[in-house]
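> Residue strings, one per chain:
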Amino acid sequence: MTIRVIVVVLLVTVVCVLRPGQDSNLVSAQSRRPSREKSQPQTARYTCPMHPEVISAKRGKCPKCGMALRLVEDKVEAPATVTVAPAPSDSSSFSSARIPDVQVYDQNGKRLNFYSDLIKGKTVAINFIFTTCTTICPPLTATFRRVQQNLAELPLQVQLISVSVDPVTDTPERLREFAGKFKAGPGWTFVTGDKSDIDSLLQALEVAVANKTDHTPMILIGNDPAAYWTRAYGLTSPTLLVKVIAAAAERK
Amino acid sequence: MKKRGSLKGLLWLAILALPLPILCASWPVATAQNPLTLSESRGKQIYLQATSRSGKDILAYVGDESLEVPGSALACANCHGFDGQGKPEGGVSPSNITWEALTKPYGATRADGRRHPTYTERGLELAITRGLDPAGNRLLNVMPRYQMSQEDLADLIFYLKRLGKDRDPGISEDKIVIGTAIPATGPLAEMGQAVKAVTTAFFAELNSQGGIYNRHVELKFSETGETPAATRANLERFLKDEQIFAMTGALIAGAEKEIVPLLAQQEVPLIGPLTLNPQIGFPLNRQVFYLLSGVSEQSRALVHFAAKKPEPKNPVISVLYSHSEMNSNVLEAIKDQSKKDLLGPPQVFDYRAGQFDAVATIKQLSQTSPDVVFFMGSTEDLLSFMNEAEKLRWSPKIFLPGGSVGTQIFDAPVSFDGKVFLSFPTSPADQTAEGIKEFRTLAEKYKLPSRHLAAQISAYSAAKILVKALTLVGKDLSREKLIQVLEGFYEYPTGLTPAITYGANRRIGALGVYVVTMDLKGKQFVPAGGWVNLN
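Line by line, the protein sequences are chains A and B. This note's numbering numbers the first residue of the first sequence as 2 and each following residue consecutively. This note's numbering numbers the first residue of the second sequence as 350 and each following residue consecutively.
Beyond 12 Å from chain A on every Cβ pair, some chain B residues (computed): (1) Ser390; (2) Arg487; (3) Thr549; (4) Phe698; (5) Glu793.
Just so you have them, the derived chain B footprint on chain A, three or more residues with Cβ under 8 Å: (6) 161-173; (7) 208-220; (8) 229-240.
I should point out that these hints are in silico values taken from the structure, not numbers from a laboratory. All residues carry an ideal CB built from backbone N, CA and C; glycine is no exception.
Pulled out of the complex, with its shape left as it was, chain A reads as follows:
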C-alpha cells in the first residue's frame, strides 16, 4: 500500500515540477535579453502580441507560439493609481480642437452641442459610463459625486460630464434615473445621443472601445481656455482627483 501511495505522490510531484520547468525556460529567455540589448541600440524592441514576456531585439518569431514579433513603441503604461500629467507635452497631444461639436442630449432630454455648450470656456471633468454597467460605473459615479461635493467647497467653477458609451440603450430617462440614484447635483451633465454622434465623440476623446464592457475607468480633465488636458484613473480617491482637477482649473 505504502509503495503505491508513494508512487501517487511521486506522480503528483512530477506534475508540479514540470510547471516551474516551463517558467525556468522563460527566465532563461529573459536573462539572455540584456546581453543582446547591449549590442543593439536601445530603441528597437520586439515582442509577441500574445506573450508580452517575450522580448527580443530582433525581428523574428515567438518561441512560444510562432507568431511574428511586433515592434514595441515606447509608450508609457498607465500606472495603477493616477496619471497626473503636468507636462505640457501631454496637453499638446490632446486639445479642445479635437472635440467635435456634435449634437447630444442631456439627462433632461435637452438638445446640446457637446463642445460649444459643455466644454467651451470651461473647466471640465469627463467620465464614461453606461447605465446598465453594474461593475465599475457605480463606484466610478459615486467617486464623481464626492468629487462634485468636494469641488463645491473650492472657489472654482468645474463642470462634470458623464458620457454614455451605450447611447442606444441610454435614453435621457435612463440617464436621469441613474443620475438620481447617485444624487448628482446641478453642474453635472449626463450625455447621450445618436449612436453615430456619440461614437465620433468617443473616437475624438480617445476612449472608443468595440465592446462597451471594455470601457476604461478613465477621467478626462480639461481647462478649455488654458488649452490644458490631462487624464486620471477614475477608481481612485476623490481627494486626489479634486487635486488634479483643481490644478487644471487654476491653469491660465
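Assemble chain B onto chain A, guided by the hints.
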C-alpha cells in the same frame, strides 16, 4: 493475505480520498431541487438588490475614503453576477464567490499574488463588512464594505451558500413548467379555448420531438377572473402553486395594469400576451415581451405616417375620442408623437360614450379645418360623424386603429373614399409560405379550431419565440438569461408576424404598423404605404 489486505486498504483510500470532490460536486444537484428557505430567499433579495425585507438600510462604503452609497446601487450581483461567477469589466475582475470556490480546502492564490486561507462564515462576514480576506489582506478597493443588520448579514450568507445552484422555479433536470392564462367563461371564452388548443398542440409537438435539451415542457393553464383583481388573485396563486418558470400567450386584455406589475414583482417572464394595451412606460417592466403594437403605438405610427406624407406639410391634427382610460392613454401617445414628429399640438375634442352629438361636434371641429381627424369611438359614432360631414361637403382624412372598427365601416359615405386610414399591426403579407405550412401542419395534426385564427397565430408565435429563446439560452437556464437572450432578438422571423426585435428599451417585437385605406366602392382595404416603422 497481506497483499489482499493492502488492496482493500487502497480501495478504501480511493473511496475516501478521490471521490470526495465528486461527491461535493454532485451534492449541489441534489439540493438544487429544494426551494429556497425563507432566510435564503431573504438573502437572495439582498444579493440581487441589496434591499432588506426588514426595511432596514443597507449601505455600501466605497474606496479609500469610504464614500457612502445606497447598497441598492452596488448590489452583490452587480459585479459578481446572478451566478456568482463574476462579471469582468473595465479591467476589474470580480471574484467567483460561489461557496465551492470560497471554501476550496487549499485556500486561494490570486493572480496578483495575494494569498489567503479558505473562507468560513466568519471570514465571509469580514469580507462583506470590512473588505478583508481571511488572511487579513484588503480586498480590491472596488469591493465596497457593506453595513447591514446582523440578521440581514446572516440571511445573505445563507444565500451565498446556495448561490449559483438555486434554480428558478419551474426548472428541473427533465422539465420546464410554462404557464398561460385564458378566460374560461364570458365573451372571450371561445377565443380562450382556441388559444388553449393551439398552445397545447405546439408544446405537444415540441415534446414529441424531444423537448428542449432533453427537458419536456409541461404546460399549465390558469383561468382569468371576471374582474382584473380576480385575474390577478388567480394568477398569483397559480404562479406560486404551480411553480411557473415563464408564461406565454396569456389572454390578459383588460387586466394589463394588474398582471404586468405582478409578473414583474414575481420575476416571471411572459412572452406575447394577447392585449391591445402593452405596458411599456418607463421604467420598463422587464419581464413582459409583446409581439405587436398596441393601440397607443399604432396611433403613434399613424401620426408618424401623417407627418411623413409630402402633402400636406405639417398637417393639423384633431383628436376626437370618447372617454375611457385607454383612449386617454392613446391621446397622450398622439400628443407625444406629434411633438417628436415636430407637428403642432393636436386639437382635442371629447365626448361621453353613447352621447355623441355629430352635428355639434362637426360644427366645432370644422371651424379649425384640420387635415386629419383621429377618431377613437364606436363605429356607429364614426359613421354618423362622416354622414353629417358629408352634408357640409367636408371630408377630412380620418385616422383610426384598425382593430377597433366593425365591418359596417364600409357603409361610409362615398366622399370618404380613400380618406379613411386604418392601422394594422400585422398583415397577411407577413406570412411566409414556410410559416403558413408549419402552422397548417400543426392545425391539421391536432385538429385545431378554425375560428379565432388571429388569436391562434398570436399565441402560436409567442410560443415559438419563447422556445427559440429557451433554445438559445441553453441547458443552464434561468429567467434572467431568458430575458437577456430575448433582449438580443433582432429581426427574428416567426413566419406569421412581422419580424421580431427586442432590446434593453424595447418590449414590442414588431414596433410599427401597416396603414391601409378603404376602397368604398370595391368594399375592400387597400395598402396606403408599406410598413411604418416606429423605432
